[in-house]
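A.B. asks: One letter stands for each residue in the lines below.
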Amino acid sequence: MENVIVIGIIVIVVLIIMFIAERNKFIRLSNNIRNSKSSIDVYLKQRFDLIPNLVETVKGYAKHEEQLFKDVVEARNRYNQTESIKDGMETNNDLNRVIALKEDYPELKANENFLDLQKQLSKMESQLQAARRVYNSEVNVYNNAVMSFPSNLFAMLYGYRKENYFEAKEEEKENVEINL
Amino acid sequence: MSKYDEVYEQIKKKYYDKLDGENDFSVLDSVTIKFLIALLLIPLVVLIVRLVASEKIFLEFLGLGIIIFVFALMSLIIYVFMRRDTAGKESDQYLKFRSKYVNTVGIDLLNYYFENVQFGFFNIEEGYKKAGFYLKGTNDFVIHDQWSLVNENENTRLANLSVGKITQDEDGNKSYHNLFNGTYVEVDMDILFDFKICVCLNHELYSRMDYLEELEMDYSLFEKFFNVFTDDKISSMQLINSEFLQDITELYKTSPCKFDLVIDGNKLYIRLYIADNLFNVSKLDPIDKNNVIYDMKCLETIKEIIRLVHHYYDTNFLEIG
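Protein chains in written order, with the working numbering: chain A, -10 to 169; chain B, 3 to 323.
Each hint should be verified, as a subset may be incorrect.
To be verified - The calculated SDA-like cross-link candidates involving lysine to any residue, where the alpha carbons are at most 20 Å apart (straight line), are:
(1) A/Lys112 to B/Pro258
(2) A/Lys151 to B/Leu241
(3) A/Lys26 to B/Asp234
(4) A/Lys26 to B/Glu218
(5) A/Lys108 to B/Asp316
(6) A/Lys48 to A/Asn102
(7) B/Lys5 to B/Asn293
(8) B/Lys226 to B/Gln248
(9) A/Lys91 to A/Gly49
(10) B/Lys226 to B/Phe197
(11) A/Lys59 to A/Lys14
(12) A/Lys14 to A/Lys91
(13) A/Lys108 to B/Asn293
(14) B/Lys131 to B/Phe319
(15) A/Lys26 to B/Tyr136
(16) B/Lys131 to B/Met191
(17) A/Lys108 to B/Leu320
(18) A/Lys112 to B/Lys269
(19) B/Lys269 to B/Asn157
(20) A/Lys112 to B/Phe197
(21) A/Lys14 to B/Tyr213
(22) A/Lys112 to B/Glu218
(23) A/Lys108 to A/Ile1
(24) A/Lys112 to B/His312
(25) A/Lys108 to B/Asp220
(26) B/Lys226 to A/Lys108
(27) B/Lys5 to B/Pro258
(28) A/Lys26 to B/Asn157
(29) A/Lys14 to B/Glu215
(30) A/Lys151 to A/Lys59
(31) A/Lys108 to A/Val130
(32) B/Lys14 to B/Ser244
(33) A/Lys112 to B/Tyr213
(34) B/Lys269 to B/Met76
(35) A/Lys14 to B/Leu214
(36) A/Lys112 to B/Lys14
(37) A/Lys75 to A/Ala134
(38) A/Lys151 to B/Lys14
Since the hints were derived computationally from the structure, they do not count as laboratory data.
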């Protein structure tokens, strides 16, 4: 009888430890995702802080692109309010369209301020790409835990659901046409 | 003629000339060897034929035992009376030649790929530990350093290593476990990374390091061979972009030996897993072409790793500002 009680206690203790360990694991994994998302936000914000300067520089050369400048400023303001990745990537898209204006307005390429801004933005774009890949990597690890047995049982118990990967939109996947 | 053939022919010519063209290291001359082989083969063939036809297997095997005994006795007699007078001297010459090979042919091969390499000593244990190749929490390591080389600027250092762990059981009996055998390389790069990244084969090794986190890569073939641990995931992803992943995976597939690498600050540490060690010399053939080509390909692997790290630093960090 005593043996049964001892075994019972051991089993209960082991189960408690398992529950705690799995809970901590999911907390850690979802924090990793949050952390990588905030890195994306940081890089996006750093990029978008250059938008006013960029628009001012390009305006003087590309007088007929008012709508584009308006779009990018509005997109930035929207992102500042929502801070959603979706709005962030839309703003990033518009920003890349502004930079691509150098192909339509070659005089821009000689502007030092523009070149300097372009260099800074390229550096940030590279960091942003890396941050997106890290985000997807964290989501992959998390989703594997949520979907694999037996940790999926704990995921259901604690209310953890699958996360979405960061995917490029269709227009981002298209090749940019360069007019030479 | 491929570059491997060219280098091999140069080495062969250079070192056989040093031995005045002598390349026969056998103790007995070739006629005697052929006679001994015939002496053994003919009765063996007869025995096999008789075994197939006979029912008295025990007697046939007894006959085989007698033949082997007679053969051993005759070999001993032939060895004593037919041994070449110069055999001892050739054996000494061969041993001197062999040590010359490790000393100079190995350096010749290294100088083909690196600049002005010579024998030198450096603190292997310090670098090996700093790279993280030691298992955390294990203190009793033994490093057997067979030779070490440095180049003129001392910014590239190589050593043939055997690393093991000594464990002691309850009765005080010590046992040795081999952990790594091969070539260890340290490179002082002219670039500085402000993070540490380990591209390694042994998952267990780095998972014990608290400050390094595992980073899953988005290339399944790479993930099949390597694990990546780092203290800065974003910078590591920046360095290890998709092209880098493909190049390093391709190198791993084509290289004759496995490898792993660590980048820490301005230092690059590489380990090549080579069972027989670099510049190993076979006793049967002083300069075995396959060994020379193997050594060259291993050195090319080291060179290519260094080039890839520099190239992707330039592309992914430097050129973008």
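A.B. asks: Evaluate each hint against the coordinates.
C.D. replies: Checked hints:
no.	hint	in the structure
1	A/Lys112 to B/Pro258	violated, 37 Å
2	A/Lys151 to B/Leu241	violated, 29 Å
3	A/Lys26 to B/Asp234	holds, 15 Å
4	A/Lys26 to B/Glu218	holds, 16 Å
5	A/Lys108 to B/Asp316	holds, 15 Å
6	A/Lys48 to A/Asn102	holds, 13 Å
7	B/Lys5 to B/Asn293	holds, 15 Å
8	B/Lys226 to B/Gln248	holds, 13 Å
9	A/Lys91 to A/Gly49	holds, 12 Å
10	B/Lys226 to B/Phe197	violated, 24 Å
11	A/Lys59 to A/Lys14	violated, 45 Å
12	A/Lys14 to A/Lys91	violated, 48 Å
13	A/Lys108 to B/Asn293	violated, 49 Å
14	B/Lys131 to B/Phe319	violated, 28 Å
15	A/Lys26 to B/Tyr136	violated, 34 Å
16	B/Lys131 to B/Met191	holds, 19 Å
17	A/Lys108 to B/Leu320	holds, 11 Å
18	A/Lys112 to B/Lys269	violated, 24 Å
19	B/Lys269 to B/Asn157	holds, 10 Å
20	A/Lys112 to B/Phe197	holds, 18 Å
21	A/Lys14 to B/Tyr213	holds, 17 Å
22	A/Lys112 to B/Glu218	violated, 23 Å
23	A/Lys108 to A/Ile1	violated, 60 Å
24	A/Lys112 to B/His312	holds, 18 Å
25	A/Lys108 to B/Asp220	violated, 27 Å
26	B/Lys226 to A/Lys108	violated, 36 Å
27	B/Lys5 to B/Pro258	holds, 17 Å
28	A/Lys26 to B/Asn157	violated, 40 Å
29	A/Lys14 to B/Glu215	holds, 14 Å
30	A/Lys151 to A/Lys59	violated, 37 Å
31	A/Lys108 to A/Val130	violated, 34 Å
32	B/Lys14 to B/Ser244	violated, 42 Å
33	A/Lys112 to B/Tyr213	violated, 27 Å
34	B/Lys269 to B/Met76	violated, 62 Å
35	A/Lys14 to B/Leu214	holds, 17 Å
36	A/Lys112 to B/Lys14	violated, 52 Å
37	A/Lys75 to A/Ala134	violated, 25 Å
38	A/Lys151 to B/Lys14	violated, 64 Å
Checked against the numbered hints given earlier, this structure breaks hints 1, 2, 10, 11, 12, 13, 14, 15, 18, 22, 23, 25, 26, 28, 30, 31, 32, 33, 34, 36, 37 and 38; the rest are met.
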